[in-house]
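Top to bottom, those sequences are chains A and B. The opening position of the first sequence corresponds to residue 413 in our numbering, with each subsequent residue numbered one higher. The opening position of the second sequence corresponds to residue -11 in our numbering, with each subsequent residue numbered one higher.
If you're looking for bench data, these hints aren't it; they were derived computationally from the structure. Check before you lean on any hint, since a few could be wrong.
Within a straight-line C-alpha distance of at most 27 Å, the following computed DSS-like cross-link-like pairs (lysine-lysine) qualify [unchecked claim]:
1. B:Lys25 - B:Lys56
2. B:Lys56 - B:Lys30
3. A:Lys452 - A:Lys430
4. B:Lys10 - B:Lys45
5. A:Lys452 - B:Lys30
6. A:Lys434 - B:Lys45
7. A:Lys431 - A:Lys453
8. A:Lys431 - B:Lys10
9. A:Lys431 - B:Lys45
10. B:Lys30 - A:Lys453
11. A:Lys452 - B:Lys45
12. B:Lys30 - B:Lys46
13. A:Lys452 - B:Lys25
14. A:Lys453 - B:Lys56
15. B:Lys46 - A:Lys452
16. B:Lys25 - A:Lys453
17. A:Lys452 - A:Lys434
18. B:Lys59 - A:Lys453
19. A:Lys434 - B:Lys46
As the structure is a computational prediction, the values presented were derived from the model and not from experiment.
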Amino acid sequence: ETGVTQTPRHLVMGMTNKKSLKCEQHLGHNAMYWYKQSAKKPLELMFVYSLEERVENNSVPSRFSPECPNSSHLFLHLHTLQPEDSALYLCASSQGASGSSYNEQFFGPGTRLTVL
Amino acid sequence: GENVEQHPSTLSVQEGDSAVIKCTYSDSASNYFPWYKQELGKRPQLIIDIRSNVGEKKDQRIAVTLNKTAKHFSLHITETQPEDSAVYFCAASIETSYDKVIFGPGTSLSVIP
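All chains, please: the whole structure from these sequences, using the hints.
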């Protein structure tokens, strides 16, 4: 167990549904990330939060909305998704300490999302 | 921004042979280069990393080399075993207050018994 958990592990939703993915890290890290993993782009960075503040948003469509209520929890709210959004969504965390960023990223098991 | 390329995309080797995966990066400011291994159905996990002040690093059967001038780095696996079969991702990072890591597209390694 790497200390990063994600729920649910599998999700099937229609294009008009609203759902949320949850990530929790038990490692005391300061930075958390959302990645999208698909056949076309194996590890695509979506969002980065450092100390609960969003520091990176890689031109992700607004139908994906992240939320980081505290340093241990990260959510990805999904709204009116498209079939091409079907992918594995990975959460990760790292120490993210300022002054020394040579830190390992710890990944969660991922949520396999299917949009019908 | 940073761009990381990785070759080959697929690699098949006989058990016991060596495997080499090569990556290039674009941003000369990058100073940390981790390698992640992702087995089928599992999460990526760090297997080795190298910092910009080091040219080579070895950990048992795995070694990484870095050429900062040419902006390329490589992963070498010797005496490959079936359990080495996985997708390997190289990555490049620039020191910031958070660890933004840009990943390469991955190499699918198959070790044939």
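Agreement of Lys452 of chain A and Lys30 of chain B with the hint, judged by alpha carbon distance not exceeding 27 Å: holds, 18 Å
27 Å limit on alpha-carbon distance, applied to hinted pair Lys452 of chain A and Lys430 of chain A: Holds. Lys452 of chain A to Lys430 of chain A sits at ~25 Å (cutoff 27 Å).
27 Å limit on alpha-carbon distance, applied to hinted pair Lys453 of chain A and Lys56 of chain B: holds, 26 Å
Agreement of Lys452 of chain A and Lys434 of chain A with the hint, judged by alpha carbon distance not exceeding 27 Å: holds, 24 Å
Proposed proximity, Lys453 of chain A with Lys431 of chain A (alpha carbon, max 27 Å): holds, 23 Å
Lys56 of chain B paired with Lys30 of chain B [C-alpha distance capped at 27 Å]: Measuring from Cα to Cα gives roughly 32 Å; hence the hint is violated.
Agreement of Lys30 of chain B and Lys453 of chain A with the hint, judged by alpha carbon distance not exceeding 27 Å: Since the Cα atoms of Lys30 of chain B and Lys453 of chain A sit roughly 17 Å apart, the hinted pair holds (cutoff 27 Å).
27 Å limit on alpha-carbon distance, applied to hinted pair Lys434 of chain A and Lys45 of chain B: violated, 36 Å
Given pair status - Lys25 of chain B, Lys452 of chain A, alpha carbons within 27 Å: holds, 18 Å
Proposed proximity, Lys45 of chain B with Lys431 of chain A (alpha carbon, max 27 Å): violated, 44 Å
Restraint status (C-alpha distance of Lys434 of chain A to Lys46 of chain B at most 27 Å): violated, 37 Å
Restraint check for Lys59 of chain B with Lys453 of chain A, where alpha carbons must lie at most 27 Å apart: Since the Cα atoms of Lys59 of chain B and Lys453 of chain A sit roughly 22 Å apart, the hinted pair holds (cutoff 27 Å).
The structure is inconsistent with the numbered hints 2, 6, 8, 9, 11, 15, 19, although it conforms to all the rest.
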